[in-house]
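K.L.:
Sequence:
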Amino acid sequence: MDAPLHDPHGPPAAGLVAAPAPPAGARRMVGFSLAGPLPGTELAPACAFVPLILVLEGGFELRDAARSRPLLRSFTAGLHDRPVGIAYPGAAVCLQVDLAPLAARRLLGPRLAEAAGETVDLREIAPALAAELEDRAAGAPTWAARFEAVSGVLARATAGAQGPSPLAARALAEIDRAPWRPVAELAERLGVSRQGLSDALRREVGMGPKRLARLARFEGALARLRGAQAAPLADLAAEMGYADQAHMAREMRALGGATARALAARRPD
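In the UniProt record's numbering, the protein residues as written are 1 to 269.
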């Protein structure tokens, strides 16, 4: 999905376009088109965010070891700790918003936890939201107008919405800050039992602290690998709290589906 950035006021089917100001709680919002060698396939790494994708033209097919199924006009994925295969049989134009877990919880409510490890049709878990997002995005003539329309829908949908518990919010912030911290130490820091911490996080986002920390550490290591001055792999492994470089290499393959160097060379979609 990589492509040069284009003018956000240009035609909606041109390369990869980044919104200059993502919605509150979003890591980024982009529009992109797929028109390379078709049909194509991609292995999407595990991620510690919740992607919300509107398919404006064309379509996708999700592939994993157990099943293969089409993805229609809008879909989202709960937190994943494994790579997911995606096939695109033809050209497609999409808008994607990557939400932090807390923002996704406010938007989707308890259904976010139920979607952990799954990719689901947005109309199945939030039909009114899906319909409004699809209609507003499809009716906008430029990427800038689409970004503005989607941001407005998300702002209205989350206004006054109940967020996650204070414990879950604090735990997620601590995990992001120090994903190498042992779960027992994190629970003590938050003043709860390990079981209480695990229950709170599973209830809110569908994953316990150990799996969330694993994802956060993977993403942190990958971000450093892609940085302008990447550290040697052995130093990076120590910095991120892996047992050694071999441990980090195994995690990169398990969560990213490729070697550390291959993942570093692959820019974020």
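Careful: at least some of the hints might be erroneous.
Claimed, not checked - Taking CB as the label site, the calculated pair distances span:
| no. | residue 1 | residue 2 | range |
| --- | --- | --- | --- |
| 1 | Ala159 | Arg224 | 43 to 49 Å |
| 2 | Ala234 | Asp199 | 17 to 23 Å |
| 3 | Pro232 | Ala178 | 45 to 51 Å |
| 4 | Gln245 | Lys210 | 19 to 25 Å |
| 5 | Ala161 | Asp244 | 24 to 30 Å |
| 6 | Gln245 | Gly163 | 34 to 40 Å |
| 7 | Ala87 | Lys210 | 51 to 57 Å |
Everything labelled a hint here was simulated from the structure, so no lab data went into it. Each residue gets a CB set at the ideal place from its N, CA and C atoms; glycine is no exception.
K.L.:
Each hint needs a verdict: does it hold in this structure or not?
P.N.:
Outcome of the hint check:
At about 36 Å, the beta-carbon gap between alanine 159 and arginine 224 misses the expected band of 43 to 49 Å. Distance hint check: the CB atoms of alanine 234 and aspartate 199 are about 37 Å apart, inconsistent with the given range 17 to 23 Å. Checking the proposed 45 to 51 Å range against proline 232 and alanine 178 shows it is violated: the Cβ atoms sit about 22 Å from each other. As the Cβ distance of glutamine 245 to lysine 210 is approximately 22 Å, the hint placing it in 19 to 25 Å holds.
Between alanine 161 and aspartate 244 the C-beta distance comes to about 43 Å, which lies outside the given range of 24 to 30 Å. In this structure the supplied range 34 to 40 Å holds for glutamine 245 paired with glycine 163, their Cβ-Cβ distance being about 39 Å. Between alanine 87 and lysine 210 the Cβ separation comes to about 31 Å, which falls outside the hinted range of 51 to 57 Å.
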